[in-house]
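Given chain A, work out where chain B should sit, using these hints.
Number of protein chains: 2
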Amino acid sequence: MPHFLNTLDDNFEAEFIALMGMKREDSPDVDAVVADIIADVRARGDAAVLELTAKFDRLELTPETMRFSDAEIESECAKVDDEDRAALEMAAARIRAYHERQMPADAWWEDETGAALGWRWSAVSAAGLYVPGGLASYPSSVLMNAIPAKVAGVDRLAIVVPTPDGVVNPLVLLAAKIAGVDEIYRIGGAQAVAALAYGTDTIAPVDKITGPGNAFVAAAKRRVFGKVGIDMIAGPSEILVIADKDNDPDWIAVDLLSQAEHDESAQSILITDDADFGRAVAAAVEKQLETLERRAIAGPSWRDFGAVIVVKDMEEAVRLSDRIAPEHLEICTNDAEDLQTKIRHAGAIFIGSWTPEAIGDYIGGPNHVLPTARSARFSSGLSVMDFIKRTTLSRMTPDALLAIGPSAERLAKSESLEAHGLSVRARLDRLNKG
Amino acid sequence: MPHFLNTLDDNFEAEFIALMGMKREDSPDVDAVVADIIADVRARGDAAVLELTAKFDRLELTPETMRFSDAEIESECAKVDDEDRAALEMAAARIRAYHERQMPADAWWEDETGAALGWRWSAVSAAGLYVPGGLASYPSSVLMNAIPAKVAGVDRLAIVVPTPDGVVNPLVLLAAKIAGVDEIYRIGGAQAVAALAYGTDTIAPVDKITGPGNAFVAAAKRRVFGKVGIDMIAGPSEILVIADKDNDPDWIAVDLLSQAEHDESAQSILITDDADFGRAVAAAVEKQLETLERRAIAGPSWRDFGAVIVVKDMEEAVRLSDRIAPEHLEICTNDAEDLQTKIRHAGAIFIGSWTPEAIGDYIGGPNHVLPTARSARFSSGLSVMDFIKRTTLSRMTPDALLAIGPSAERLAKSESLEAHGLSVRARLDRLNKG
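Which chain is which? The protein sequence lines are A and B, in order.
In case it helps, our numbering puts the first sequence at residues 1 to 434.
In case it helps, our numbering puts the second sequence at residues 1 to 434.
So here's chain A without its partners, still in its complex pose:
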C-alpha cells in the first residue's frame, strides 16, 4: 500500500514532511574510486580507458576500435525495423521544432548617454553526451540530449555509450545518427567522462558534458565540473498527478505506474480533492500491478514511495505541489488550463487528461531531462540554453565616458582599487584637456 495522507488530519504536516524527506536513493560513496580513475585517464589517456573498459565492460578494444566506424553504424542502423525508425524520426522532428523556438535573441542598443550595450549568444564548440549502456540504454535520451546541442549550433558532438560484453543497442546508434551526432565511442563509466573532459590521443576534449548515468558517472561529472560544464546530476524520477474525480481511475493509475516502473526509487504521488477517487486509483494501481511486466520494479516503488494525498480543494493542491516542486506534474482537472498558471515550481506540466506524461518522455517536443529531487525550485530542464553562452558587450563614447566615468572612478576609490580608477581617469583627462 502507498502512503495515504489527508490535509484534514492533525498529523498531516508531519507526514507530508516525512514523505518529502524520504531518502529514496542510496548513493554509494564512489568518490575515491572515481578520483583515481580520472587521475589515471589524465595520466595515461587511451591506455587507461582501454584497460578500464576491459575490466568493467569485459570488452577488449584498441584506439582504433574505440570509436564506432561509419560502416558499423550503418550496419547496426539497418537492423532497426521501419516502424521504430519512423517513430524515432517523428520524435526527432518534434523535439527539434520545439527546441528551435528556444534560441534566444542577441541584443544591442544605445542608452541615453550614447553608450552602446548588449550581448551576443554563441554555441559551445564541442559537447559530449553520456548514454548509459545495458538495460537503461534509451534512444529517447539520445534524442533529448543531442538535438538541443545541435540546434544550439555545437560543432562537434561526441557520444560515449558503454557496450558491456560488446552488446550494442541499434536504436541508440540510429537515434544518434538522426540527431546528427559526430562521433560515437563504445566506452562508459567514470573513464569515459574523464576522457571527454581531459581528452586522450583518440578522443579530443569537449567543453560540456551532459547525460544521465550511474553513481560513478555522476561522481565523475561532479569532479570534472569547472574544467568543463555539466548538466544537472539527476536523481530518481518523480511524477505528481493532480486529478479530480471526473477521471478514469485506470488512466491515472497507469500514469502513476509509468514513473514507478522506471526505478524502485521512483516516486509517484496523486493529489485529489476526492478521497473515494483516491482509493479507486490506488485499487486500480494494485490491479494493474498484477500483470505489469515491470511489476518487480513498479511494485516496490509504489509501495515504498507512492502516495495519495487528499486535499480540501485544488488551491491546496497547488500549494502542496509547489512544496514538492515535482519533476513531472500532470494536471487532470476540468480547469487544468487555469490551474497550471498558478504553479510556480515544476519541471514540466502536462495539461488535461489527454496528456499522459509518457507523451513528454518521447514525442511531445519538450525535453524529458528535467530537474528532480525538488530542484525545480531553482533549475530547469535541459534546453538549447545548456549549449550556448552569452558574451556581454559594452562600447563607450567620449560623451558616455564623461557622463558615467566619474562615478566609476568614485566607486573604484571606495574599493581601494586605484588602477581601476586611473584607467577611467586617463581617458577623462584627455577629454577634459581636448
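In case anyone wonders, no lab produced these hints; they're calculated from the structure.
Don't take each hint at face value.
Each pair may be met inside one copy or between any two copies, as identical chains are not told apart.
Distance condition first, Cα-Cα at most 25 angstroms in a straight line; then the derived DSS-like pairs of lysine-lysine [to be verified]: (1) K150 / K342; (2) K245 / K433; (3) K23 / K227.
Just chain B, lined up with the frame of chain A:
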C-alpha cells in the same frame, strides 16, 4: 618582466600552451574541514553558526544580533557620503536597466496536430548572496548579484557578510539597501553557506546561493550544490587586451594593471600586431608600477602571469583569444566593432579605446560576475537567468494524441517500458472506440 611571446617564434605553440596551463591558484584542500562545518550547522543550527563566528571572526553574536536590524542598517548607511551614494545609485540604475532587458519571454503555441506546447519562466522563491568581508568586501559585487535577483522577481533575498572583529563596511549595507535586499546577516565562511542552504532557527533556507568567496566558501558551495542551486565557482580574474599601435601605451598599461591589482593570481595579457607597441606598453606598466598603491599585488601578478603576445595580424589575435576564452576582453583597434563579431568565447567584451574594462566592473550595466579560467567556453556571466527557471508545458487534444500517440507507444515498447505505452494506449483505445 612579463612573458613575451611571438607567433613567429618556432616555440610559440609550446610557450602559449605553457602560459595557458599555468597554475595560478593554489587551492588549499579544505574539503574535509568544510564537510565538518556543514554537518555541524545541519545538526546544531544557530548554535554552530554562532560558535564558528566567534572562532573565525572573533565576534560574539546571539540569534537576535546575527541579523542587522533596520536601525543599524540606517545608521551605517548614514555614514556614506553623498558622492559615494550618488555613484552607487547611478550604478544600480544602470545595472537594473541592463538586466531588465534580459528577462526572457514565455511561449505557447499550437502545432499542426492541435497539440499546444510552450514554456513559462518563474523566479526562484528565495536566494542567498555571499559577500566577502574584510578587504575584499566590494559594494559593487552586492549590486551585481542582488539586482539581477530582484529583477528576476526573487521574493526573498538574504545576504551573508562576515564582519571580522565587528568591522562593517557601510557601503556594502547601502548597496544592499539600494538593491532591495531583504535580510542581512553578519556571518561568513562555510557556516554561512550551510545556514543558507539548510536553514537554522533564525535563517530560513534559500533555493539558490550566489556570490564570491574564499576557498572555504567555494568548497561549501560545491558541497551544497544539488540541495540548492549555485552560481559558478570563480577563479582569479583575467583580462585580455587586443590593441593595435594606434593606442596610448599608458592607457593600455593601466587597463592591464586594473586586473593585476585584484590579486597576485590575476592574469593580464596584451595581444598586439606591433612588437614595438607591445614593448612600449610593458615599459609603461613598469613605470606605473613604481607608484601604484597596490604594486605589491599588481607587480607579482604582472611579472608571474602577465604576457605580451605579438601576432602577425588581427585574425590571429581572434584565434588566440578564442583559445584563451578570456573573462574580460578589451578590443582597442580601429575596427573593434567588426573584430568583436568574430569572437566566440569571452565573458564580456569592451569595444574600443574609450571603454576601459573598469567601466564594466562598476557602472556600464552588464554584470561583472563573469566566467574565469577558460570557462567562457561553456558558461556565461551572472544574469537574471540565474534566478529564474523554466517550466515546460504540453497539452494534447484527442486529435493530437491520435496523430502522435502511436509513435510514443512504439518507442516505449522499444525501451521495454510497458506502463509508458499503456498510459497512451488507454487513451487511444477510448478514442478508437468512440
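Hint by hint, here is what the structure shows:
1. K150 / K342: Answer is between: at 21 angstroms across copies they meet the 25 angstroms cutoff, but 33 angstroms inside does not.
2. K245 / K433: between (79 angstroms within a copy, 22 angstroms between copies)
3. K23 / K227: between (31 angstroms within a copy, 13 angstroms between copies)
Of the numbered hints given earlier, the model fails none.
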